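Okay, here's what each chain looks like letter by letter:
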Amino acid sequence: MLASRIPLAFALACLAALALVFISEGSYRQAIGTLDALGAMGMARSNIQNVERSMLNAETGQRGYLLSGDAEYRRPYDEALRDIDGTLRFLRQHYRDDARARAVVARLDELIETKLSEIALTIRLFDEGKRRTTEEILMSGIGRERMDAIRALGAELLALESRRVAAGRDDIYRTLMWSRIGVAVLAAGCLVALLLYLRQSSALVRQQLEQKRRALSERDRLELEVAQRTAQLTELARHLQTAREDERSRLARDLHDELGALLTSAKLDAARIRPRLAGVAPEVQERLTHLVDTLNSGIALKRRIIEDLRPSALGNLGLGAALEILAREFAEQTGITVHDQLDAVALDADSELVIYRLVQEAITNIGKHARARQVWIRLAEHGERVEVSVRDDGVGFDPEVRQASSHGLIGMRFRVEAHGGTLHLHSAPGRGTSIEVFLPVLQRDGVSADREAA
Amino acid sequence: MTPLKTYIVEDSAVIRDNLIATLEELVPVQVMGTAEDEASAVQWLRQPGRDFDLMIVDIFLKRGSGLGVLRVAGEQAPHHKVVVLTNYATPDMRRRCLELGADRVFDKSNEIDALILYCNRLAGGDVGAPAIGALG
Chain A
5 MLASRIPLAF
15 ALACLAALAL
25 VFISEGSYRQ
35 AIGTLDALGA
45 MGMARSNIQN
55 VERSMLNAET
65 GQRGYLLSGD
75 AEYRRPYDEA
85 LRDIDGTLRF
95 LRQHYRDDAR
105 ARAVVARLDE
115 LIETKLSEIA
125 LTIRLFDEGK
135 RRTTEEILMS
145 GIGRERMDAI
155 RALGAELLAL
165 ESRRVAAGRD
175 DIYRTLMWSR
185 IGVAVLAAGC
195 LVALLLYLRQ
205 SSALVRQQLE
215 QKRRALSERD
225 RLELEVAQRT
235 AQLTELARHL
245 QTAREDERSR
255 LARDLHDELG
265 ALLTSAKLDA
275 ARIRPRLAGV
285 APEVQERLTH
295 LVDTLNSGIA
305 LKRRIIEDLR
315 PSALGNLGLG
325 AALEILAREF
335 AEQTGITVHD
345 QLDAVALDAD
355 SELVIYRLVQ
365 EAITNIGKHA
375 RARQVWIRLA
385 EHGERVEVSV
395 RDDGVGFDPE
405 VRQASSHGLI
415 GMRFRVEAHG
425 GTLHLHSAPG
435 RGTSIEVFLP
445 VLQRDGVSAD
455 REAA
Chain B
3 MTPLKTYIVE
13 DSAVIRDNLI
23 ATLEELVPVQ
33 VMGTAEDEAS
43 AVQWLRQPGR
53 DFDLMIVDIF
63 LKRGSGLGVL
73 RVAGEQAPHH
83 KVVVLTNYAT
93 PDMRRRCLEL
103 GADRVFDKSN
113 EIDALILYCN
123 RLAGGDVGAP
133 AIGALG
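Top to bottom, those sequences are chains A and B. When you number the first sequence by our numbering, it's gap-free, plus one each residue, and the end is 458. When you number the second sequence by our numbering, it's gap-free, plus one each residue, and the end is 138.
Isolated chain A, as found in the complex (with noise of 0.2 Å):
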């Protein structure tokens, strides 16, 4: 969002720049062009007022020159003659453009020149000596008469230049003034522009932080959910741990004591049965035998289902001797030296079978995997801790890289854990393989004091 609006400011800032640069620069180059027409009209209005000017200075020069002969009084006349003509082609050109100033122009052209003529005339007269023509021509009054308009046409241009003036001012007044507004409108337009653009940072600021506090939040209640979804998944697998021990234990018990002793019984009456026929009946005999070894087949299946489902040593000899008699037949199975060093804890029934189990897969998975010579089983409880390890100077392996047989040892840490216990598992590949759990000991309330006595 940021992204997409800054180019747009950023655009919207440089046109108005443009503009305002445009408005300076039109109303600078207005003002300055009608400035130089002002100064124009300034040489206008000088220019009429030489034509009156020379037009006295000419009709001064004839009257001096007529009353007194001298041509010294004839200069001011010829200077009038010499000036009058660029001073009138001055204004011709200046109201090119303006018709009715150009009209007037054109009259006070014609009556100048209209007097420029009598006083040559008068001029020429006197020289020719005819002196009494001329006073005549003087005398009449027609001179006056065209002073006097010559005077008036000037005025008129005068008042007409001056009009232009007072258009030209009200021009840049009004070029001024339009460029102010334009500068002052395009400067609040900009101070707009800049709060609209503040103020909608400071939204896209208070948005973006209100965003990154829901994700954090967000966050947060995904970890209160992980962390509460494992705890339930952990009282699960105990649970679920809890009652797959416990139907073992039942199926164990149940097999043993009742089948155990039906078996046992057919064996009595088997025995029972043998003297009486000795003797008698040898083939019966023979079908005796029989039938006492497909029970003696039943009894060591049951056998063997049994320990299967459940250590029976372990309810009955207490830990340490369970698993030194695990140890025992680990090490005549395998040929594996075990040494163990099993000292008497003080566990609930739960957490030793967990450590039973442990110690069971962890040598289950020496015999299968790590080729070792020697492996080392040590139980002994430090505090409030039972610990547990099981090591052996096997083959080892690589803990980053799964095993395709981690399951056992995962299960193995969910269990150690689901009873506020901790699993540690030290191996490298050639360096063997240790396995250590602490478990919490019992609290002593004289739970403990049962299978002591057993």
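Be careful, since some hints might not be right.
[To be verified] Partial chain A-side listing against chain B, Cβ under 8 Å, derived:
(1) Asp261
(2) Gly264
(3) Lys271
(4) Leu272
(5) Ala275
(6) Gly283
(7) Ile303
(8) Arg332
(9) His386
(10) Gly387
Just so you know, the hints here were simulated from the structure itself, not pulled from any lab data. Keep in mind that this is a model prediction, so the values were computed, not measured. For every residue, glycine included, the Cβ atom is placed at its ideal position computed from N, Cα and C.
Given chain A, put chain B in place with the hints provided.
For chain B alone, kept in the frame of chain A given last:
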């Protein structure tokens, strides 16, 4: 031949009844009494003037253990014989029982004949029994 005064500690009624019947049929015995658990067996043993020839003890009882019974019987004057009849006759269990003063250990399933032979020899005054578990 004097009947063998015998006491039986066995928690399974089926086995107990059948064992008594078998012994009475095949061996000259006089069964003095039976117990189902450790406590009543020990109580019987500790009664003053107790006199018997043979005690047959099961290890796994409903309450307590035959090992406790063996321990108490061993403390008494050793003129009687105590044998173990168990379903759990592992080498280790045999060793423990013999250490606690048992004369012989018989497997409930496979050594019934050996037990009967032993009882017959005992009744006949022959106590020089052959090696453990010689008969199946």
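Structure-based check of all given hints:
1. The interface hint given for Asp261 (chain A) holds, since its Cβ lies 6 Å from the closest Cβ of chain B, which is under the 8 Å cut-off.
2. Interface restraint check for Gly264 (chain A): the shortest CB-CB distance to chain B comes to about 5 Å, inside 8 Å, so the restraint holds.
3. The interface hint given for Lys271 (chain A) is met, as the beta carbon of that residue sits about 5 Å from the closest beta carbon of chain B, less than 8 Å.
4. For the restraint placing Leu272 (chain A) at the interface with chain B, the shortest Cβ-Cβ distance is roughly 4 Å, inside the 8 Å limit, so the hint holds.
5. Hint status for Ala275 (chain A) relative to chain B: holds, with the closest Cβ pair at about 5 Å, below 8 Å.
6. For Gly283 (chain A), the interface hint is violated, since its Cβ never comes within 8 Å of a Cβ in chain B; the closest pair sits about 16 Å apart.
7. Hint status for Ile303 (chain A) relative to chain B: holds, with the closest Cβ pair at about 4 Å, below 8 Å.
8. For Arg332 (chain A), the interface hint holds, the least distance from its beta-carbon to any beta-carbon of chain B being 7 Å, beneath 8 Å.
9. For His386 (chain A), the interface hint is violated, since its Cβ never comes within 8 Å of a Cβ in chain B; the closest pair sits about 28 Å apart.
10. Proximity of Gly387 (chain A) to chain B is violated relative to the hint, the smallest CB-CB distance being about 30 Å (cut-off 8 Å).
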